[in-house]
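Take the sequences, apply the hints, and build the full model.
These protein sequences, in sequence, are chains A, B, C and D. Residue numbers for the first sequence follow the numbering used here, so the first one is 18 and each next one is one higher. Residue numbers for the second sequence follow the numbering used here, so the first one is 18 and each next one is one higher. Residue numbers for the third sequence follow the numbering used here, so the first one is 813 and each next one is one higher. Residue numbers for the fourth sequence follow the numbering used here, so the first one is 813 and each next one is one higher.
Simulated from the structure, these hints should not be mistaken for laboratory data. Even for Gly, the Cβ is constructed at its ideal location relative to N, Cα and C. Heads up, a few of these hints could be off.
[Said to hold, decoys possible] The calculated SDA-like cross-link candidates involving lysine to any residue, where the alpha carbons are at most 20 Å apart (straight line), are:
hint : chain 1 : residue 1 : chain 2 : residue 2
1    : D       : Lys871    : B       : Glu42
2    : A       : Lys19     : C       : Lys876
3    : C       : Lys950    : C       : Glu847
4    : D       : Lys871    : C       : Glu815
5    : B       : Lys19     : D       : Pro831
6    : C       : Lys876    : D       : Lys871
[Claimed, not checked] These stretches of chain A come out as covered by chain C in the derived footprint (C-beta under 8 Å, 3 or more residues):
hint : segment
7    : 62–74
8    : 110–118
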Amino acid sequence: MKLTHRIEGDALILNLDGQLTGGPEADQLVTKIRSAVESGIRLVILDMEGITWVNSTGLGKLIASHLSLRQSGGALRFVRVPRRIATILGVTRLNTVFEIYPTEGDARRAQLTGPPR
Amino acid sequence: MKLTHRIEGDALILNLDGQLTGGPEADQLVTKIRSAVESGIRLVILDMEGITWVNSTGLGKLIASHLSLRQSGGALRFVRVPRRIATILGVTRLNTVFEIYPTEGDARRAQLTGPPR
Amino acid sequence: MNETQTITFSIPSRLELLPVLDRLVQGINAEMGFEDEEADAISISIIEAGTNAIQHGHKRDASKIVDFRFDLHDDRLEVTVHDSGPGFDIDAVTEADPTLPDGLLRCSGRGIFIMRQMMDRVDFDFSRGTSVRLLKQKRTNGRA
Amino acid sequence: MNETQTITFSIPSRLELLPVLDRLVQGINAEMGFEDEEADAISISIIEAGTNAIQHGHKRDASKIVDFRFDLHDDRLEVTVHDSGPGFDIDAVTEADPTLPDGLLRCSGRGIFIMRQMMDRVDFDFSRGTSVRLLKQKRTNGRA
Ligand SMILES: Nc1ncnc2c1ncn2[C@@H]1O[C@H](COP(=O)(O)OP(=O)(O)O)[C@@H](O)[C@H]1O
Ligand SMILES: Nc1ncnc2c1ncn2[C@@H]1O[C@H](COP(=O)(O)OP(=O)(O)O)[C@@H](O)[C@H]1O
Chain A
18 MKLTHRIEGD ALILNLDGQL TGGPEADQLV TKIRSAVESG IRLVILDMEG
68 ITWVNSTGLG KLIASHLSLR QSGGALRFVR VPRRIATILG VTRLNTVFEI
118 YPTEGDARRA QLTGPPR
Chain B
18 MKLTHRIEGD ALILNLDGQL TGGPEADQLV TKIRSAVESG IRLVILDMEG
68 ITWVNSTGLG KLIASHLSLR QSGGALRFVR VPRRIATILG VTRLNTVFEI
118 YPTEGDARRA QLTGPPR
Chain C
813 MNETQTITFS IPSRLELLPV LDRLVQGINA EMGFEDEEAD AISISIIEAG
863 TNAIQHGHKR DASKIVDFRF DLHDDRLEVT VHDSGPGFDI DAVTEADPTL
913 PDGLLRCSGR GIFIMRQMMD RVDFDFSRGT SVRLLKQKRT NGRA
Chain D
813 MNETQTITFS IPSRLELLPV LDRLVQGINA EMGFEDEEAD AISISIIEAG
863 TNAIQHGHKR DASKIVDFRF DLHDDRLEVT VHDSGPGFDI DAVTEADPTL
913 PDGLLRCSGR GIFIMRQMMD RVDFDFSRGT SVRLLKQKRT NGRA
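Here it is as structure tokens:
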């Protein structure tokens, strides 16, 4: 997995590329999000377009990231989720807890008030 | 390999999709071209865009097709050749005998006077 | 094709090689005529089984080999993933449903659930290491 | 990666399975960092070797298995393709250059030539069926 990031206003935007598995790169994602939270960031947007697949260990990393933002009153938002990833989020019902938006613009506009209806 | 064809004016245009190997589908290509020649067609255009790969047995089928058109005063022309196929035509120097054009329009406009300079 | 074709594949226990497995499975899905959601389901499940073999079965010891066997039948694909690890208590795993409210945000324990949701059948055999057997039926409209 | 990783793969002798091999090789190329022309060269050569094993080595007898072994080294990829056929006279094949004017339009006899053009090394071993060993070096700018 390749991870590139940029800060825009009060949001951290992460672009992911490749596979999200339980390897060291996934830990890097969790670490990056934790340190953003510590530095005051409340909104993290994960652009998933380049993700070819996620396994269940990778899902665990996403859950850990989601929880660390939640605990600090912030939110982790997913945008541009490929079909294959959407399928796995559906089967595991994680689509009922994760905040998923079509585009970065949608994710930025939504209030920090919990998941979309 | 999937093979679709259409006749336009005096030319037979063949669209190839998939792999061009030595299997029965490749024989189908040779047969189709032979019967077109018998019915008076002199120009056959092979649209290669959908070809993912060719092996040397498939090259043999292309050579057979090329020769059967040549012998009847016609021409086999290749258009939209993918990089990987162009590489293999280069290595085997078949690019020096095959007539290769960027587009179908180019292939149709060229006179039936042998390979392009 | 008229008879079963068996393809075998083996890799050292490294998560970094799972993308190679993924490509192979894409090729097998294309050959079998599995598409879209069905192809995704098969790929995802085989990768989960491979992940478990590497992570739990072999504890990422790259000197240990994970074996895959693909039986391509006319009407179904059967895949067996084998590791030489100690096995585990499948009944204990089966009890924990990760989609119930208190399980939903656990960080692990989702792999076998995913396989069971996505494949038509998932069996375990612990007679010689761990073998997971995954089965996916072709929809009948695929062939006459 | 710091040590050699060996991936094995086997298929029945059916030309229709070569696209599955192609996908697998794409995955291995990506894992090794081979791209573009180099990746094409490797894929094309392995498919030629597989075609020969199926067509000449096993005469398309699907009950016979073709074995592939991929050794992924830090600096190179080595691939061995094995069939259990009778072998052949490699020197006789080597003499016929298919790019000379009178060979250019022959309909066969191009596979081994293509492999030799595209890979850094091609060796044959007839001690136990036919084994073709293909080697591709990584360009040094790929790694420090
Ligand atoms: N091949 C295996 N070898 C040993 N233990 C396994 C294997 N596969 C699964 N397990 C055990 O079953 C548990 C549940 O597996 P799974 O549902 O895939 O979730 P996860 O891998 O996220 O823990 C694992 O935590 C592990 O203890
Ligand atoms: N694995 C093999 N087993 C037996 N004979 C082989 C094998 N590979 C190649 N040959 C022989 O070498 C000849 C040249 O092979 P090649 O250069 O690949 O061209 P082609 O396959 O088009 O004939 C073949 O015609 C065949 O006689």
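Check the structure against each numbered hint from earlier and tell me which ones fail, lowest number first.
2, 6
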